[in-house]
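Protein chains: 2
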Amino acid sequence: MNAPAQAAHLLPDVHQREVPQALIDAFKARFGERCSTAQVVREQHGRDESAYTTVPPPAAVVFAESTTDVADAVKLASEHSVPVIPFGVGSSLEGHLLAVQGGISIDVSRMNKILSVNAEDLTVTVQAGVTRKQLNDEIKSTGLFFPIDPGADASIGGMSATRASGTNAVRYGTMRENVLGLEVVTASGEVIRTGTRAKKSSAGYDLTRLMVGSEGTLGIMTEITLKLYPLPEAISAAICSFPSIEAAVRTTIQIIQMGIPIARVELIDAHTVRMVNAYAKLGLREEPLLLMEFHGSPASVKEQAETVQEIATEHGGNAFEWAVTPEERTRLWTARHNAYFAAIQSKPGCRAISTDTCVPISRLADCLLDSVAEADATGIPYFLVGHVGDGNFHFGYLIDPELPQEREIAEVLNHKLVARALQLGGTCTGEHGVGLHKMDFLLTEAGSGAVDMMRTIKRALDPKNIMNPGKIFAL
Amino acid sequence: MNAPAQAAHLLPDVHQREVPQALIDAFKARFGERCSTAQVVREQHGRDESAYTTVPPPAAVVFAESTTDVADAVKLASEHSVPVIPFGVGSSLEGHLLAVQGGISIDVSRMNKILSVNAEDLTVTVQAGVTRKQLNDEIKSTGLFFPIDPGADASIGGMSATRASGTNAVRYGTMRENVLGLEVVTASGEVIRTGTRAKKSSAGYDLTRLMVGSEGTLGIMTEITLKLYPLPEAISAAICSFPSIEAAVRTTIQIIQMGIPIARVELIDAHTVRMVNAYAKLGLREEPLLLMEFHGSPASVKEQAETVQEIATEHGGNAFEWAVTPEERTRLWTARHNAYFAAIQSKPGCRAISTDTCVPISRLADCLLDSVAEADATGIPYFLVGHVGDGNFHFGYLIDPELPQEREIAEVLNHKLVARALQLGGTCTGEHGVGLHKMDFLLTEAGSGAVDMMRTIKRALDPKNIMNPGKIFAL
Chain A
47 MNAPAQAAHL
57 LPDVHQREVP
67 QALIDAFKAR
77 FGERCSTAQV
87 VREQHGRDES
97 AYTTVPPPAA
107 VVFAESTTDV
117 ADAVKLASEH
127 SVPVIPFGVG
137 SSLEGHLLAV
147 QGGISIDVSR
157 MNKILSVNAE
167 DLTVTVQAGV
177 TRKQLNDEIK
187 STGLFFPIDP
197 GADASIGGMS
207 ATRASGTNAV
217 RYGTMRENVL
227 GLEVVTASGE
237 VIRTGTRAKK
247 SSAGYDLTRL
257 MVGSEGTLGI
267 MTEITLKLYP
277 LPEAISAAIC
287 SFPSIEAAVR
297 TTIQIIQMGI
307 PIARVELIDA
317 HTVRMVNAYA
327 KLGLREEPLL
337 LMEFHGSPAS
347 VKEQAETVQE
357 IATEHGGNAF
367 EWAVTPEERT
377 RLWTARHNAY
387 FAAIQSKPGC
397 RAISTDTCVP
407 ISRLADCLLD
417 SVAEADATGI
427 PYFLVGHVGD
437 GNFHFGYLID
447 PELPQEREIA
457 EVLNHKLVAR
467 ALQLGGTCTG
477 EHGVGLHKMD
487 FLLTEAGSGA
497 VDMMRTIKRA
507 LDPKNIMNPG
517 KIFAL
Chain B
47 MNAPAQAAHL
57 LPDVHQREVP
67 QALIDAFKAR
77 FGERCSTAQV
87 VREQHGRDES
97 AYTTVPPPAA
107 VVFAESTTDV
117 ADAVKLASEH
127 SVPVIPFGVG
137 SSLEGHLLAV
147 QGGISIDVSR
157 MNKILSVNAE
167 DLTVTVQAGV
177 TRKQLNDEIK
187 STGLFFPIDP
197 GADASIGGMS
207 ATRASGTNAV
217 RYGTMRENVL
227 GLEVVTASGE
237 VIRTGTRAKK
247 SSAGYDLTRL
257 MVGSEGTLGI
267 MTEITLKLYP
277 LPEAISAAIC
287 SFPSIEAAVR
297 TTIQIIQMGI
307 PIARVELIDA
317 HTVRMVNAYA
327 KLGLREEPLL
337 LMEFHGSPAS
347 VKEQAETVQE
357 IATEHGGNAF
367 EWAVTPEERT
377 RLWTARHNAY
387 FAAIQSKPGC
397 RAISTDTCVP
407 ISRLADCLLD
417 SVAEADATGI
427 PYFLVGHVGD
437 GNFHFGYLID
447 PELPQEREIA
457 EVLNHKLVAR
467 ALQLGGTCTG
477 EHGVGLHKMD
487 FLLTEAGSGA
497 VDMMRTIKRA
507 LDPKNIMNPG
517 KIFAL
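One line per chain: the protein sequences are A and B, in this order. All residue numbers for the first sequence refer to my numbering, where the first residue is 47 and numbers rise by one. All residue numbers for the second sequence refer to my numbering, where the first residue is 47 and numbers rise by one.
Bound conformation, chain A alone (with noise of 0.2 angstroms):
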């Protein structure tokens, strides 16, 4: 396999720009202790969870406890010219924390209040370091909760900045759909505020949408306005096996074509059940599966189970197991969020290169049999997951960082994935973002005048470039 072009664009472009003393000294002055230039800390703040392993960490590492330490340390690194890269809990999968200029890492896992919940409007205010997972353990007892589930114990932040979805998004929307409003430090420092708590507005640009999925180049988020839902009054979860990816897909198409409001449908495919048996002693059936969940009134839950296992039989789908207590539901979802770890461990030492393409539900099947087959071709350990209701799913192909062979396997079955998604209608990343790795892709995706419109507004919103720069696009 040769392609010189990939392998060309395997390493990110790298040009650091000069951190001055002077302005180390400055962040020292005003943060204290909370500016830390120790080499574990920025090297901790360097990395994420993308294959990206050769970047120099950044300068030096602030620890922002309110908006006003990330409107300060804005404002300092302006005045010096030089990059600042909002930080949660870094799990990217694409580069997004790396500082391939060079600068000052802001990590707001401190701002982790919950500022405001208004459960009478089904709203939550949160600090940007709020986790989702931390945010659903404290609006537990109001009887709501917030769906938006992308696997990782994300920060509210990161998800807000990446336009993150995950396994609810079917039906629940993503980040676009459930943000309502934003605090955000813009390039200059200033504190601005965009949204409302109304569900909706007509009231000028959509600054909120522009902000959520600009990966931190627009501006920092430090306040999120979400949306919330009530707890459904029944929940009922299943999981069934089918004799292939096709008969698991074809289930799914139609599921959604009827219209059926499922919260949930995961696919997961014959090995990385085996993964997943393997690390967490499941005893599943190792063949395709796909893993449901129906929320509702227990009368509409049933109603929608009751299709769901109709057109699933008929796809030959069988051994149909169902869950109706939170524990059984767990055990069921244990397997799709061991996923990532299970194919990890099953080749020590790897990092997985995940794809990320999203397509119309009708094209699922085209695009994702026939990127199964290239890659069973090529014999690279992959696993397979998929958000497959809303026609999104990632292989996670499993290479050693060391060997470029491996990566260069990885990347062009990426690329071949991506160029078939595209042809079909759908878009190189689903959920993941752009940040390093998709910047070709994107060009391909959107069109030199879309990507110029978007640097024409980066550049007028940013002309230091310093908000987490070389990301999206190169400018």
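Simulated from the structure, these hints should not be mistaken for lab results. Cβ coordinates follow ideal geometry from the N, Cα and C atoms, glycine included. You may find that some hints are simply not true.
Among the chain B residues that face chain A by a calculated CB cut under 10 angstroms, a handful are [stated by the list, open to error]:
no. : residue
1   : Ile299
2   : Gly435
3   : Met499
Starting from the known structure of chain A, arrange chain B on it as the hints suggest.
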């Protein structure tokens, strides 16, 4: 009532830019008879459903039949730094179509083709001039529908430009949630595409949602890809009268807070019921009423309807009338759809100054009841309807456009209402847009920092300020 600050805002600030004869000649050469300078055509395109009547019309109207037409018109206008104002059907309520800085109207109503229906993916791509009723007529055979219903048979381009919503938004969302992708002619006459047909994406800045709601100030949308929904298996509508507006509103709040997936819940006050009875001989009880609709499986619709009837009865709701057949449902909805026309006819020669606040659902009663009392105290005639499930409602104050004192009373009431809504965490406009009428309100709502960010984006993307200038904010 003395309110000079508001009064100064009653007429838009008109700074006509020169439209050189050379440009008109160039338009005539390019578009032939599809470029009209006839007075009657220009006047038709220089007004809308707002109460503004005194702005000179555009210098010419171009009837575009393709994206290339729009692009060429924008390029010609750009050469001469002359404003362009896109025109769909003219149903704006906020002065969006008025040529406050002069310029050319680009009428897209002939761009009325449905370009592709992807029934399997629940998507459709249309030209900007397609109207919502035309769309639903043409896709009827697919078993799908497009739910957004702002009342007027608006164009999809206009609905996208104002981030419109209407009666079904409580269940199906607004144009914000239902536009998947766009083709846009930029200020330089370049054609770009945003979004894909995939259900979700994290591929760079959300240009789609930046354009949706930008009111023609950042580009002209020429093609729009929308989500569709399966026609519900069962639909049931109900009308219920209440002893007071408060009882109707409290019923609504409880329905929403319980998470009942109601498709429509509309308030009509007793004044407006009287106007509608006079106009359409409906014989409805002249009390505040809620119009509701339930979509889903037969079992789910039955369950929703029973729960809602219980809630309504607890709040004194009575005279429940149910409609299951399409004909019966149409009769019930006549009351809602005729409200505007019935009101206008109740006072010959009047114009309506419409309010559009939207507040978090828990604050709906506070916001609405005080505003009713204020309006009643002035004695001004008005209609009151509301998409109350979203916390959004409209007073339409009926004024004689020749009587400044009536306009002033209406504007003062509007100012008080907006101030109240903002104080309760809401927005000045739930669905009509800012246009000319709410620029001061936007500044109060969003703050100067956020509005400056909007201005910065506008300047960057439209450096000559030719795209519908003078709307949303002063520049």
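**Report entry** Violations among the numbered hints
**Finding:** none
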